Amino acid sequence: DTGVSQDPRHKITKRGQNVTFRCDPISEHNRLYWYRQTLGQGPEFLTYFQNEAQLEKSRLLSDRFSAERPKGSFSTLEIQRTEQGDSAMYLCASSFWTGSGYTFGSGTRLTVV
Amino acid sequence: AQTVTQSQPEMSVQEAETVTLSCTYDTSENNYYLFWYKQPPSRQMILVIRQEAYKQQNATENRFSVNFQKAAKSFSLKISDSQLGDTAMYFCAFMKQETSGSRLTFGEGTQLTVNP
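Same order as they appear, the protein sequences are chains A and B. Counting in my numbering, the first sequence runs without a single skipped number right up to 113 at its last residue. Counting in my numbering, the second sequence runs without a single skipped number right up to 1116 at its last residue.
The following block holds chain A by itself, in its conformation from the complex:
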């Protein structure tokens, strides 16, 4: 297992377009998390899954954002009608149990022009 994989690494999109990011967690990890990080800031929580169940969503996750984790494996994060304020690094992480700490992916950098 090579760790948490995120695809694509970079995405440039025009305002108003929809984008989808994918995250493949470490296979033994049943918990998967999405965070958003803007330049020079700490990551902000968006949502997390235990297996296929989405257990918590941040109020930062507006109606334009949706995340899925079908079959409890990979996850996708979709942003509809992108806005310039959505420009950020989107981080995915996974873990096996509470307190073990997360393993992060390299992130997807989104630029909305």
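Quick caveat, the hints were computed from the structure, so don't treat them as lab data. Among the hints, erroneous ones may be present.
Have a look at the derived ranges for each label pair, beta carbon to beta carbon [unchecked claim]:
| # | chain 1 | residue 1 | chain 2 | residue 2 | range |
| --- | --- | --- | --- | --- | --- |
| 1 | B | Thr1018 | A | Trp97 | 26 to 34 Å |
| 2 | B | Thr1020 | A | Thr38 | 20 to 28 Å |
| 3 | B | Ala1071 | A | Arg9 | 42 to 50 Å |
| 4 | B | Gln1097 | A | Ser58 | 15 to 23 Å |
| 5 | B | Asn1062 | A | Thr20 | 34 to 42 Å |
| 6 | B | Lys1055 | A | His10 | 36 to 44 Å |
| 7 | A | Val113 | B | Gln1069 | 42 to 50 Å |
| 8 | A | His10 | B | Arg1063 | 28 to 36 Å |
| 9 | B | Ala1001 | A | Thr38 | 14 to 22 Å |
| 10 | A | Leu39 | B | Gly1085 | 19 to 27 Å |
As the structure is a prediction and not an experimental result, all values here were calculated from the model. Note that the Cβ used here is the ideal one computed from N, Cα and C, for glycine as well.
We have chain A already, so just place chain B on it with the hints.
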């Protein structure tokens, strides 16, 4: 809600010297975990060290150690024998102890530069 504060936006240290990064947090929880993560430039976040709140003994990982003061809600990171590869953004993070999983709450980060 939990908050994590890192009061030092930037720090620098000479190679081979020791540096301490500060972190304070606010919570009403009694059981929780604390973490330090390292994020090198344009690279992924890496776990440096973790501490369970119920343990009084401070965690250590090679050149990295913490000073955990539960009553003061303080969790500082000490890096000994600093190396050029330690240059990175360091984030302090808090997690409640919940069986169903829990979010990490991060501080604003401290940019550490190790100078040759």
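Status of each hint after checking the structure:
The hinted window of 26 to 34 Å between threonine 1018(B) and tryptophan 97(A) holds, with their beta carbons roughly 33 Å apart. At roughly 27 Å, the beta-carbon separation of threonine 1020(B) and threonine 38(A) lies within the given 20 to 28 Å, and the hint holds. Evaluation of the 42 to 50 Å hint for alanine 1071(B) and arginine 9(A) yields a pass: the beta carbon distance comes to about 44 Å. Between glutamine 1097(B) and serine 58(A) the C-beta distance comes to about 20 Å, which sits within the given range of 15 to 23 Å.
Distance hint check: the CB atoms of asparagine 1062(B) and threonine 20(A) are about 40 Å apart, consistent with the given range 34 to 42 Å. Checking the proposed 36 to 44 Å range against lysine 1055(B) and histidine 10(A) shows it holds: the Cβ atoms sit about 41 Å from each other. Hint check: valine 113(A) to glutamine 1069(B), Cβ distance near 47 Å, so the stated range 42 to 50 Å holds. With their beta carbons about 33 Å apart, histidine 10(A) and arginine 1063(B) fall inside the hinted range of 28 to 36 Å.
In this structure the supplied range 14 to 22 Å holds for alanine 1001(B) paired with threonine 38(A), their Cβ-Cβ distance being about 20 Å. Between leucine 39(A) and glycine 1085(B) the beta carbon distance is about 22 Å. The supplied range of 19 to 27 Å therefore holds.
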